[in-house]
Each structure stands twice: as C-alpha cells, then as structure tokens.
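Trainee: Sequence:
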Amino acid sequence: DLLNEGMRASLDGFSKPALALSGGLDSSLALTAWCDVRGKEAPLDTFTICPEPDWDGRTAPHRFGDERPHVEALLEHYPAIRPHWLDTRGLALDDKLDAIIMMSHGAPRNAMHVQWSAALHDAAKDQGCDVLIMASFSNFTLSFDGDGMLPSLMRSGRWRTLAREINAVKGANSFARTWMARAVMPL
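Heads up, the sequence shown is in the working numbering, so the first residue is 1 and it goes up one at a time.
Read the hints as simulated data drawn from the structure, not as lab findings.
Accuracy of the hints is not assured; some may be wrong.
[Unchecked claim] Cut-off 20 Å, straight-line C-alpha distance, at most; resulting in silico cross-link-like pairs (SDA-like, lysine to any residue): (1) K40 x R58; (2) K170 x M185; (3) K125 x L91; (4) K125 x D95.
[Said to hold, decoys possible] Across the chosen pairs, the derived CB separations fall in these ranges: (5) L93 x R158: 35 to 41 Å; (6) R89 x L25: 25 to 31 Å; (7) G148 x F175: 15 to 21 Å; (8) R158 x A60: 23 to 29 Å; (9) A92 x F175: 36 to 42 Å; (10) N173 x P43: 41 to 47 Å; (11) R38 x A163: 27 to 33 Å; (12) R177 x G157: 29 to 35 Å; (13) D147 x L91: 23 to 29 Å; (14) T59 x G106: 26 to 32 Å; (15) P61 x R158: 24 to 30 Å; (16) L91 x P61: 25 to 31 Å.
Even glycine gets a Cβ: it sits at the ideal position worked out from N, Cα and C.
Whenever a hint applies, use it, and build me the whole structure from the sequences.
Mentor: What follows is the structure, encoded as structure tokens:
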C-alpha cells in the first residue's frame with residue numbers, strides 16, 4: 001500500500017511518466033506499483049542502461065553487468081511497456097556533473113553513476129516524458145543489504161555477532177580477508 005501511495009504521489013501532475021528500469025528488485029517493484037496504480041495495460045516508456053558493445057563480460061560475484069536479459073524477462077509480463085535500451089559509450093564519468101551539482105546544491109551520493117543518470121534523463125526527455133521515476137534510493141532502504149553493519153558491530157564490541165555475520169557473508173573468502181575488507185577497512 002505504501003509503495004502504491006508513493007507511486008501515486010510521484011505521478012501526480014505528470015502526463016507522460018517514464019521509469020528507469022534495471023534488472024534489480026527495486027525498479028521491478030516500482031514497475032509493479034506503476035501497474036497497480038495505472039493498470040497493467042497502461043503504456044509506459046522504460047529506459048535501461050546497457051553495457052558498451054566491447055564490454056568483456058566480467059562482473060563481481062553476485063552481480064550482473066548487463067541488465068538487458070533481466071529486463072527482457074520482466075517485460076514478457078508487461079506488454080504495454082515500451083523499452084528503450086541506452087548505451088553510455090563515450091560518456092565520461094563526470095558527464096554533466098557540474099549541472100547536477102548546481103541543480104542539487106551538492107555532490108551526488110554515487111558519482112560513478114552520474115553519466116548513467118544524465119543519459120536516462122536525456123533519453124526520457126527526448127521521448128517527451130515529463131517525469132522519470134527512479135528507484136535509486138531504495139537501494140539504501142528497501143533492498144539495503146546491511147553494508148556498514150560489520151564496522152558497527154566491531155565498534156560496539158559485539159564480537160560473537162560480528163563473527164557470525166562474517167561467516168554468513170564471507171563466501172569463498174577467508175574469515176580474515178572478509179573481516180579486514182568489510183569490518184576494519186571501512187572504519
């Protein structure tokens with residue numbers, strides 16, 4: 001109910017909304033809220049960043065570097081969606097950073113995505129969209145993975161809980177490596 005209420009408020013006063021759609025949970029939930037609010041058959045332009053053609057395919061564990069296959073699978077269930085696939089080839093990491101800082105009165109939280117954000121907004125504007133819904137802040141709320149918890153446990157001396165959590169997240173890494181990388185170094 002709260003997600004749908006937030007979507008209604010985000011759409012209020014706009015006639016041609018768009019959605020930045022990744023293959024992740026957050027924007028998928030935003031798409032679901034769109035459908036709950038406007039109906040599954042309501043047309044919607046979506047914009048997805050794709051890797052450059054010469055991308056070598058390497059990704060970190062438990063991540064995916066190409067959103068497109070995940071978005072295409074999702075779109076099979078939403079026939080009214082009009083997908084737009086964007087490539088940021090040639091854009092510098094700080095593309096339009098000056099304008100973003102000026103408009104927001106501060107530096108962006110994740111500067112590595114500045115060129116993606118600018119490309120998404122530009123593409124939506126080129127399609128005549130008057131608002132671009134982005135689920136980016138839900139990465140720090142809805143799907144937050146607890147990053148930062150390990151240093152907090154260490155600072156507070158909660159050693160047993162710290163050890164249990166390190167064992168739960170270390171994967172193929174050693175306990176010592178995970179402890180150093182995720183509990184000590186962030187301090």
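Trainee: Please go over all the hints and tell whether each is borne out by the structure.
Mentor: These are the hints, each one checked on the structure:
Annotation: proposed proximity of K40 to R58 is violated, straight-line Cα distance about 35 Å (limit 20 Å). Only pairs whose Cα atoms come within 20 Å are accepted, and K170 paired with M185 is accepted, the gap being roughly 15 Å. With a CA separation close to 18 Å, the supplied pair K125 and L91 stays within the 20 Å bound. For the given pair, K125 sits about 17 Å from D95 by alpha-carbon distance, which is consistent with the 20 Å threshold.
Judged by the Cβ atoms, the range 35 to 41 Å given for L93 and R158 holds: they are separated by roughly 38 Å. Between R89 and L25 the CB atoms are about 27 Å apart, so this pair conforms to the stated range of 25 to 31 Å. Between G148 and F175 the C-beta distance comes to about 19 Å, which sits within the given range of 15 to 21 Å. The hinted range of 23 to 29 Å is satisfied by R158 and A60, whose Cβ atoms lie roughly 28 Å apart.
The hint said 36 to 42 Å for the Cβ distance between A92 and F175, and at roughly 40 Å that hint holds. For the pair N173 and P43, the supplied restraint of 41 to 47 Å holds, since their beta-carbon distance comes to about 46 Å. Our hint of 27 to 33 Å for R38 and A163 is violated, since their Cβ atoms are close to 48 Å apart. As the Cβ distance of R177 to G157 is approximately 22 Å, the hint placing it in 29 to 35 Å is violated.
Between D147 and L91, the C-beta spacing of about 27 Å keeps the proposed range 23 to 29 Å intact. In this structure the hint that T59 and G106 lie 26 to 32 Å apart at CB holds, the actual value being about 30 Å. A hinted range of 24 to 30 Å for the beta carbons of P61 and R158 is consistent with their spacing of about 26 Å. In this structure, L91 and P61 meet the distance hint of 25 to 31 Å, their C-beta atoms being roughly 27 Å apart.
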